[in-house]
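Enquirer: Taken in order, these protein sequences are the chains called H and V. Just so you know, we're using my numbering here: the first sequence kicks off at 928 and counts up by one. Just so you know, we're using my numbering here: the second sequence kicks off at 928 and counts up by one.
Just so you know, the hints here were simulated from the structure itself, not pulled from any lab data. Don't take each hint at face value.
No distinction is drawn between identical chains; accordingly, a pair holds when it is met within one copy or between any pair of copies.
Below, computed lysine-lysine pairings styled on DSS-like, alpha-carbon distance capped at 27 Å [as the list claims (entries may be wrong)]:
# : residue 1 : residue 2
1 : K1111     : K934
2 : K1246     : K1312
3 : K943      : K932
4 : K1106     : K932
5 : K1106     : K934
6 : K1111     : K932
So the chains spell out like this:
There are 2 protein chains.
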Amino acid sequence: VTKNKLKLASRISRLKASPIRDILKVLERPEMISFAGGLPAVETFPDFANFNSLKQTLQYGPTEGDEPLRQLIAERLADQNLHISPQQVLVLSGSQQGIDLVAKLMIDSGTVVAVENPTYLAALQVFNLFGAAFEPFSVAQLDNLAADDHPPGMLYVNPTFHNPTGYCYTESERQRLAKICVDKGKVLFEDDPYRDLAYSETCRTPICSYAEGDRWIYQSSFSKTFAPGLRLGYLVCSEQLLPYLARLKQAADLHSNRLSQQLVYQQLTDPANERRLHKLVETYRIKRELFNHYLERHLSDVAEWEAPDGGLFFWLRLKSEYPIDTRELLAHTLDLNVAFMPGEAFFANNEAAVGQLRLNFSLTNERQMAHGLATLGTAIRSFSKRNAEVA
Amino acid sequence: VTKNKLKLASRISRLKASPIRDILKVLERPEMISFAGGLPAVETFPDFANFNSLKQTLQYGPTEGDEPLRQLIAERLADQNLHISPQQVLVLSGSQQGIDLVAKLMIDSGTVVAVENPTYLAALQVFNLFGAAFEPFSVAQLDNLAADDHPPGMLYVNPTFHNPTGYCYTESERQRLAKICVDKGKVLFEDDPYRDLAYSETCRTPICSYAEGDRWIYQSSFSKTFAPGLRLGYLVCSEQLLPYLARLKQAADLHSNRLSQQLVYQQLTDPANERRLHKLVETYRIKRELFNHYLERHLSDVAEWEAPDGGLFFWLRLKSEYPIDTRELLAHTLDLNVAFMPGEAFFANNEAAVGQLRLNFSLTNERQMAHGLATLGTAIRSFSKRNAEVA
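Given only the sequences and the hints, what does the whole structure look like? Please build it.
Expert: The structure is reproduced here in structure tokens:
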């Protein structure tokens, strides 16, 4: 009988598991060396020892976020040339929530969403869930984007220390992309969680600051510079979009955790915070150097990469002699207690093997880097040799 | 040019503002007496003075929630006759999130969702956003529900100290509703945030405990017994639904705040917690008595109600001599610094005036109750008189 067949919403057929979710149990092994996630180093987290819980903070609060925090976010963004009022700020339960809210705001089944290829996999997952039709673009070929004749839709970009590639857009690329969005009427959605993790001098001006007009959304996160467990981020957007996004936020979780809002506000206004952030960046700069060193030692014969100017990831392209599906490689290295993120999931159309992989360098210590990367290099060489023998 | 017209997702046309959101600014006046929200009393919140922040708690965590908390939730639910494994528990960023996730799981445009009439307004908002076709039902007329021939879809119910009516389903009503859902193949979604706020002996056994089968979801919240600012709740569901809901949760916000999870876990395992909860219920029982007293004094000529056996609300039905649109009444009483929740928003089809209103009794003190309810009574009488004169 039809009534006894469980019928889920049609979007659920597009609900894919994350490659990492599927191996979570394996990742929990104490001996596992994981380059897979984007986990900050625990030693960079702030100390909340002097946290004084105010009971009023535990009450329901405003959907848009606590006023002092919204005010502070608006002030700090002015330093980045993004001039907005506190009323354009929406505090988020982490920036993943911003992706969910913006997808709800913008995406019907078939809505065109321009994305870099590769791009942040969890954004692809959400856009896909809502039925997006992807239009991949490349910052190296913005002419193609300028020339296309797709319906305007939305453009999602992660221009500063890109996840997964680590790339940082130049100033002229930022200006060009903003102009394309404005000219074509695309809603520009800029995701900027890594901007404060800068190891070299680069342009980090938000693309949205060049996008005069009524359709832009900029978001960032406190996960990398404070702590992910607080689940706190924010978005700011052109004035007319905020009321919709605030209602969607209310429908999603009423408002964000108020302890987190207070803790982050305390940290942001603490004179010692700048010193802590400086130390945090130095910690990651050193880790990046170490990681690059062991990559050179163990993987320079099998892969190419550029050391990133910021962020938390190295993006490796396997040389053509190693045409490996990195999803299969992962299954192999997990047995050797080494995890990484296969590249395939970062592509809008990720069926084909792409021979690329993402390595996080912020979580592991030097001993783990040395051992894990040596293991990975050996695995790639033997995996490729085995494939050749089978063929 | 078409490209310059901003095109939002079609669901946004169904995105309604909450009647409370629209008056938030007014509610912030210090002199305002608000019976409008469902805010717990601040004095009932636990004391986190001995909270010792473990740095590892600040790292990213599992989407489903921290294991010790999931384990504990499963154990406690067994005491309510809901026997599940910890793997069937999904920790939520407040139970509003459960509504969002279940809507994503179940609702396409046109999916039939059976709802009580009235029912929780924020559930209506979310289901409506995803395009639900509402099938209103009444616990007093379950025969009608049993006899209908709608496609199975989903049934949403808030059986224990119902929001907004305060009603608590009897054991036989619970069993009957479970059987109807199973027989008809409906997914049963039971929302149970008030169960611990019981002022009389009533049956509170989850309806889901009677729903043998593969399609039920039960959710509750820590907002009423701990603190809303922590934004923490949970759902448990039939085994096959959990993986979908966990992926949807991951896409929505990765995982819930880990400080909150730890704080709630500490409280739940603290031997003093039972005493605190007992005191909390006593506080609300006294408030309910006081509120009923002032209702009798100031509103017995204009309205009827039953004192609720639990929860946070009185539901008033205006007598037929007072055929008032309570949305218009609210605009009037706000000028007098008294807020309440108009009844219209709780009905699946809320265009018509229903002459009913919801009053929260947990937040205000006795002086505010006395003054606020006297003001409300006067307002209803004068508003009705004015209407009569105009007509």
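Enquirer: Using 27 Å as the alpha carbon limit, work out where K943 and K932 are close: within a copy, between copies, both or neither.
Expert: Cα proximity of K943 and K932: one copy only (22 Å, versus 32 Å across).
Enquirer: With identical chains treated as interchangeable, where does the CA-CA distance between K1106 and K932 reach 27 Å or less: within a copy, between copies, both, or neither?
Expert: between (50 Å within a copy, 17 Å between copies)
Enquirer: Measure nothing new, just compare the shortest in-copy and cross-copy C-alpha distances for K1111 and K934 to 27 Å and report within, between, both or neither.
Expert: between (39 Å within a copy, 13 Å between copies)
Enquirer: At most 27 Å between C-alpha atoms: does K1246 with K1312 qualify within a copy, between copies, both, or neither?
Expert: within (14 Å within a copy, 84 Å between copies)
Enquirer: One pair to classify: K1106 and K934, alpha carbons no more than 27 Å apart. Within, between, both, or neither?
Expert: between (44 Å within a copy, 19 Å between copies)
Enquirer: Reference check for the pair K1111 and K932, CA-CA at most 27 Å: within, between, both, or neither?
Expert: Intra 45 Å, inter 10 Å, cutoff 27 Å: inter-copy only.
Checked against the numbered hints given earlier, this structure breaks none of them.
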